[in-house]
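There are 4 protein chains.
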Amino acid sequence: MSVYRLLISCPDTHGLVAIVSQFILEYNGNIKEAHHHLDEQNQHFFMRIEIESNSISCSLDEFKEAFSVLAERCNMAWKLSDATQLKRILIMGSSASHCVADLLHRDHEDELEGEIIGVLSNHSKLSKLASWYDVAFKKVSISQDTQEADKVKMMQAVDSFNPDVIVLARYMQIIPEEMCAEYNGRIINIHHSFLPSFVGANPYARAAERGVKLIGATCHYVTANLDEGPIIEQDVVRVDHGDSADDMKKMGQDVEKITLAKGLKYHLEDRVLTCNNKTIVFS
Amino acid sequence: MSVYRLLISCPDTHGLVAIVSQFILEYNGNIKEAHHHLDEQNQHFFMRIEIESNSISCSLDEFKEAFSVLAERCNMAWKLSDATQLKRILIMGSSASHCVADLLHRDHEDELEGEIIGVLSNHSKLSKLASWYDVAFKKVSISQDTQEADKVKMMQAVDSFNPDVIVLARYMQIIPEEMCAEYNGRIINIHHSFLPSFVGANPYARAAERGVKLIGATCHYVTANLDEGPIIEQDVVRVDHGDSADDMKKMGQDVEKITLAKGLKYHLEDRVLTCNNKTIVFS
Amino acid sequence: MSVYRLLISCPDTHGLVAIVSQFILEYNGNIKEAHHHLDEQNQHFFMRIEIESNSISCSLDEFKEAFSVLAERCNMAWKLSDATQLKRILIMGSSASHCVADLLHRDHEDELEGEIIGVLSNHSKLSKLASWYDVAFKKVSISQDTQEADKVKMMQAVDSFNPDVIVLARYMQIIPEEMCAEYNGRIINIHHSFLPSFVGANPYARAAERGVKLIGATCHYVTANLDEGPIIEQDVVRVDHGDSADDMKKMGQDVEKITLAKGLKYHLEDRVLTCNNKTIVFS
Amino acid sequence: MSVYRLLISCPDTHGLVAIVSQFILEYNGNIKEAHHHLDEQNQHFFMRIEIESNSISCSLDEFKEAFSVLAERCNMAWKLSDATQLKRILIMGSSASHCVADLLHRDHEDELEGEIIGVLSNHSKLSKLASWYDVAFKKVSISQDTQEADKVKMMQAVDSFNPDVIVLARYMQIIPEEMCAEYNGRIINIHHSFLPSFVGANPYARAAERGVKLIGATCHYVTANLDEGPIIEQDVVRVDHGDSADDMKKMGQDVEKITLAKGLKYHLEDRVLTCNNKTIVFS
Chain A
1 MSVYRLLISC
11 PDTHGLVAIV
21 SQFILEYNGN
31 IKEAHHHLDE
41 QNQHFFMRIE
51 IESNSISCSL
61 DEFKEAFSVL
71 AERCNMAWKL
81 SDATQLKRIL
91 IMGSSASHCV
101 ADLLHRDHED
111 ELEGEIIGVL
121 SNHSKLSKLA
131 SWYDVAFKKV
141 SISQDTQEAD
151 KVKMMQAVDS
161 FNPDVIVLAR
171 YMQIIPEEMC
181 AEYNGRIINI
191 HHSFLPSFVG
201 ANPYARAAER
211 GVKLIGATCH
221 YVTANLDEGP
231 IIEQDVVRVD
241 HGDSADDMKK
251 MGQDVEKITL
261 AKGLKYHLED
271 RVLTCNNKTI
281 VFS
Chain B
1 MSVYRLLISC
11 PDTHGLVAIV
21 SQFILEYNGN
31 IKEAHHHLDE
41 QNQHFFMRIE
51 IESNSISCSL
61 DEFKEAFSVL
71 AERCNMAWKL
81 SDATQLKRIL
91 IMGSSASHCV
101 ADLLHRDHED
111 ELEGEIIGVL
121 SNHSKLSKLA
131 SWYDVAFKKV
141 SISQDTQEAD
151 KVKMMQAVDS
161 FNPDVIVLAR
171 YMQIIPEEMC
181 AEYNGRIINI
191 HHSFLPSFVG
201 ANPYARAAER
211 GVKLIGATCH
221 YVTANLDEGP
231 IIEQDVVRVD
241 HGDSADDMKK
251 MGQDVEKITL
261 AKGLKYHLED
271 RVLTCNNKTI
281 VFS
Chain C
1 MSVYRLLISC
11 PDTHGLVAIV
21 SQFILEYNGN
31 IKEAHHHLDE
41 QNQHFFMRIE
51 IESNSISCSL
61 DEFKEAFSVL
71 AERCNMAWKL
81 SDATQLKRIL
91 IMGSSASHCV
101 ADLLHRDHED
111 ELEGEIIGVL
121 SNHSKLSKLA
131 SWYDVAFKKV
141 SISQDTQEAD
151 KVKMMQAVDS
161 FNPDVIVLAR
171 YMQIIPEEMC
181 AEYNGRIINI
191 HHSFLPSFVG
201 ANPYARAAER
211 GVKLIGATCH
221 YVTANLDEGP
231 IIEQDVVRVD
241 HGDSADDMKK
251 MGQDVEKITL
261 AKGLKYHLED
271 RVLTCNNKTI
281 VFS
Chain D
1 MSVYRLLISC
11 PDTHGLVAIV
21 SQFILEYNGN
31 IKEAHHHLDE
41 QNQHFFMRIE
51 IESNSISCSL
61 DEFKEAFSVL
71 AERCNMAWKL
81 SDATQLKRIL
91 IMGSSASHCV
101 ADLLHRDHED
111 ELEGEIIGVL
121 SNHSKLSKLA
131 SWYDVAFKKV
141 SISQDTQEAD
151 KVKMMQAVDS
161 FNPDVIVLAR
171 YMQIIPEEMC
181 AEYNGRIINI
191 HHSFLPSFVG
201 ANPYARAAER
211 GVKLIGATCH
221 YVTANLDEGP
231 IIEQDVVRVD
241 HGDSADDMKK
251 MGQDVEKITL
261 AKGLKYHLED
271 RVLTCNNKTI
281 VFS
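Protein chains in written order, with the UniProt record's numbering: chain A, 1 to 283; chain B, 1 to 283; chain C, 1 to 283; chain D, 1 to 283.
Just so you know, not all the hints are guaranteed correct.
A pair holds if it fits inside one copy or across any two, identical chains being indistinguishable in the list.
[Stated by the list, open to error] Distance condition first, Cα-Cα at most 30 Å in a straight line; then the derived DSS-like pairs of lysine-lysine:
(1) Lys32 with Lys138
(2) Lys64 with Lys151
(3) Lys32 with Lys139
(4) Lys125 with Lys32
(5) Lys128 with Lys278
(6) Lys125 with Lys278
(7) Lys278 with Lys32
(8) Lys249 with Lys64
(9) Lys250 with Lys32
(10) Lys64 with Lys250
(11) Lys64 with Lys125
(12) Lys139 with Lys79
(13) Lys32 with Lys249
(14) Lys64 with Lys128
(15) Lys128 with Lys79
(16) Lys32 with Lys64
(17) Lys64 with Lys138
(18) Lys139 with Lys64
(19) Lys250 with Lys79
(20) Lys151 with Lys32
(21) Lys153 with Lys250
(22) Lys138 with Lys278
(23) Lys128 with Lys151
(24) Lys32 with Lys128
(25) Lys125 with Lys79
(26) Lys32 with Lys153
(27) Lys278 with Lys139
Just so you know, these hints were derived from the structure itself, not from any lab. For clarity, every value in this text was computed on a predicted model and none was experimentally measured.
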């Protein structure tokens, strides 16, 4: 069954659910699944509604146009998308391949609600993997000395892919502020620690040194503040004294893969809304 | 903020969300949280709506009466409850005390959305624990020879407590069919295995014998079919070759406590609906 | 640091640890890690000892020969292996590719203590994937009508690879008894349920129907009794009412991958001993 | 079966396992379970050996005296204890009762390898709970103004209990350095976050603010550096956008209880050794 997905975020006022569902009903829309959440602290209301596409009595564009009037009246931030329109995913990686290979394989098996349109890296290593999966590969080196110019080239390369969502699959480079702004809410990173533990570099080594009993990974939206963006998903795995920093790195890679795949899935299925620096995930 | 909770289960038809939210709006009700779920296989629709009590422009009884008209029209099974009206909880136990002590302590700390009004057991062992927590205790022995008559007495004792929900906290006795019917959807059991593994007696011993690497517990509604009722919550814990059946029993008790407490919490907060033999838990 | 690994299983008698460690000391061996476990029920003793290879004052063959005398005296089942000698892994798959792709990628990244020497399948689908990773691929069809003859061919193909360990990565065919016997303790299967729940076919559909709140996967040694062999590793993932059997299948595939990879890792690192139908995993 | 437990920590040298097991054999000791671990970075060796008490041919004191000679030769830190000698546990709490009640109930059910000999608090609230369980209660108030003098009184009270191990069950007061030194390796704290996340006060509020998807608890030995001592055990639980800081606090309390109970269990069973600021837990 194909569906439209309506995501709404707005200041709380009386009758929001009624207004929106009444609107949908006027267009004969059949609601399949709906979630509503009030953030009491911020008095902000969030909705996610799945509507059977076939039940709507007009085109998607007409439906959007009509809804925009209501949305303006209620001061809504909103998005209405057709689930059959696959999102264009750009993967950015470096030399580590575990997350990239995992996502490429999921794409290959039609497991993602999206299509990977390219792999962009500052190394050549992932080139062969991308070509195996018939996905475009582009390399833009980032040198210490020419960093600024390199990053401009990188951003041009990103734009040339015209992506809907960018996945930093262990890209290991800081994203320029202007790119964070341009793709706000559409860049997803996997951090190799259970944030806010071990912000920054070498989290596994630091986890081993601290002697923690669980290590983890964090999938989050990228903002200008490194490792501080809204968290979409996290998970952990048990370690013990017999595990070296290197063992933890290997074990952690499995958590990274799964956590990134889950976070991306939520994003692709339009399940994530943000409120200040937090996410609402309607799963 | 005090809320009313509206639980609805009905055949899917067009405009259900609109109809219900419109109704609530007519009474000036403010929706705080709402979940909607369509079971596609059964074409059945499920809703849970939290409404600010203060926003409703009439009494709860009037609101209920008005809603009943709409409910009948849409062929709804429904329940509308005031969250400030604490549910009356009757605990039934035997000799094992871990779950009973855990629940009594939660009640004592005002952690439950309900109040424990009594402990009923076929043993005396829990008597002291109940009295510590100032909770009524009643013993009804169940003997092999006089089982039928004993169970009639037990059911009379249960009725005398006039409970809203009955918690079998390792009660270890089969519940008569007529009691299952009378309290349908209101008897919660904790089974000491990860169902459907190890249905029946001595699950820990059988888990140890089979050499499983995780053991678990299952919180479910009680039906006439032993261990077959709708599952509300499950959890597991890791074990290894060094753990004997006895170790597993001890480790499993912690999972039992937590799983029962969670399942009961969902029930007390009116988060659970059933569909055939499955639960929808709006958490 | 390269190590020898000594695995011992024998009837419990006095002084076993002393005898073995004294023997190792006579050859100047340095013990790096050691685990000992007494199964009290069976009065059977299990050891796993890692010895620095360089510290041993003779060749591995001489060391083995000397040890065999001691082993016979104590009625030991034992294995002494050089960790630098990678085990030869044969993967058997069918049409599902998630586990196969995951293992091939781990091999490609040198993450396994072993090398994948071939993929054997009853379908052609995995052929391309194997060739990407430069791994030999062989197809042996299994037809309903010519099953017995086909399986003989399959076993011949298996033998031709001369594998140390065989991984059934969702092979979906019953393994003949004689093959179970020939490769006893060296065939590893991933079953797509949390055994002993949902033994047999279609576990995800049955899990969805039963309404369980966790689904899982089980990695076990293959014996002539289907789904009944010694369990090496298990894991689970949380599901809810919104997840269809198909969603569970997708979510379960991640658990299958990770659980199979862990179980195989334990085997490759000589961490697994069996006692009746259970495993001792020295992790 | 009653056992002696031998814990050893020493610089790595050749033949340690042989020397120790040979020694045990000389006294006719039967080893039931043994773990050995080499910390490669520090070249330090750790052992835990369980010996059947009945098999030893002399008294525990004679055995200890004999072993001390060997221990001195190998520069060992060691401890030899009789598992039947229950450790004396002092619980220190404040006003929160969940951990204290949980431990008291476990003690009451003879689940601990130790006996709770007293509850010490700076509040009266736990007094009734302690008396229910027939455990001595002592209150020593800590006032902002007279903190130093109060803490001296507190330490005198602690000493008067003559405890083997002190459990800070949400005591919420900083432990004086001299007490940390006196009971080094014998004070166990439960911190209500997944350290090193949210070190310090109000971790649940900060977790809610950061929008993490898992919250946790950490059981660790207390050192003079607040929240920085060696971690014994950690665990986490999943939370989502619907959970307020207050919900997290409630959910976290269950993790605190279980994690503290596990960490204490490991300590009581002499399973924990420390290496710099990390623990080796032989489980």
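Cross-check of the supplied hints:
| no. | hint | result |
| --- | --- | --- |
| 1 | Lys32 with Lys138 | neither (41 Å within a copy, 46 Å between copies) |
| 2 | Lys64 with Lys151 | neither (37 Å within a copy, 59 Å between copies) |
| 3 | Lys32 with Lys139 | neither (43 Å within a copy, 44 Å between copies) |
| 4 | Lys125 with Lys32 | neither (44 Å within a copy, 36 Å between copies) |
| 5 | Lys128 with Lys278 | neither (37 Å within a copy, 42 Å between copies) |
| 6 | Lys125 with Lys278 | neither (35 Å within a copy, 37 Å between copies) |
| 7 | Lys278 with Lys32 | both (26 Å within a copy, 19 Å between copies) |
| 8 | Lys249 with Lys64 | neither (47 Å within a copy, 34 Å between copies) |
| 9 | Lys250 with Lys32 | between (41 Å within a copy, 21 Å between copies) |
| 10 | Lys64 with Lys250 | neither (47 Å within a copy, 32 Å between copies) |
| 11 | Lys64 with Lys125 | neither (44 Å within a copy, 43 Å between copies) |
| 12 | Lys139 with Lys79 | neither (33 Å within a copy, 49 Å between copies) |
| 13 | Lys32 with Lys249 | between (42 Å within a copy, 22 Å between copies) |
| 14 | Lys64 with Lys128 | neither (42 Å within a copy, 44 Å between copies) |
| 15 | Lys128 with Lys79 | neither (37 Å within a copy, 40 Å between copies) |
| 16 | Lys32 with Lys64 | both (18 Å within a copy, 26 Å between copies) |
| 17 | Lys64 with Lys138 | neither (36 Å within a copy, 53 Å between copies) |
| 18 | Lys139 with Lys64 | neither (38 Å within a copy, 52 Å between copies) |
| 19 | Lys250 with Lys79 | between (39 Å within a copy, 27 Å between copies) |
| 20 | Lys151 with Lys32 | neither (44 Å within a copy, 45 Å between copies) |
| 21 | Lys153 with Lys250 | neither (32 Å within a copy, 38 Å between copies) |
| 22 | Lys138 with Lys278 | neither (33 Å within a copy, 44 Å between copies) |
| 23 | Lys128 with Lys151 | within (23 Å within a copy, 36 Å between copies) |
| 24 | Lys32 with Lys128 | neither (42 Å within a copy, 40 Å between copies) |
| 25 | Lys125 with Lys79 | neither (37 Å within a copy, 39 Å between copies) |
| 26 | Lys32 with Lys153 | neither (44 Å within a copy, 48 Å between copies) |
| 27 | Lys278 with Lys139 | neither (33 Å within a copy, 42 Å between copies) |
In summary, the structure is inconsistent with hints 1, 2, 3, 4, 5, 6, 8, 10, 11, 12, 14, 15, 17, 18, 20, 21, 22, 24, 25, 26 and 27 from the numbered list given earlier, while agreeing with the others.
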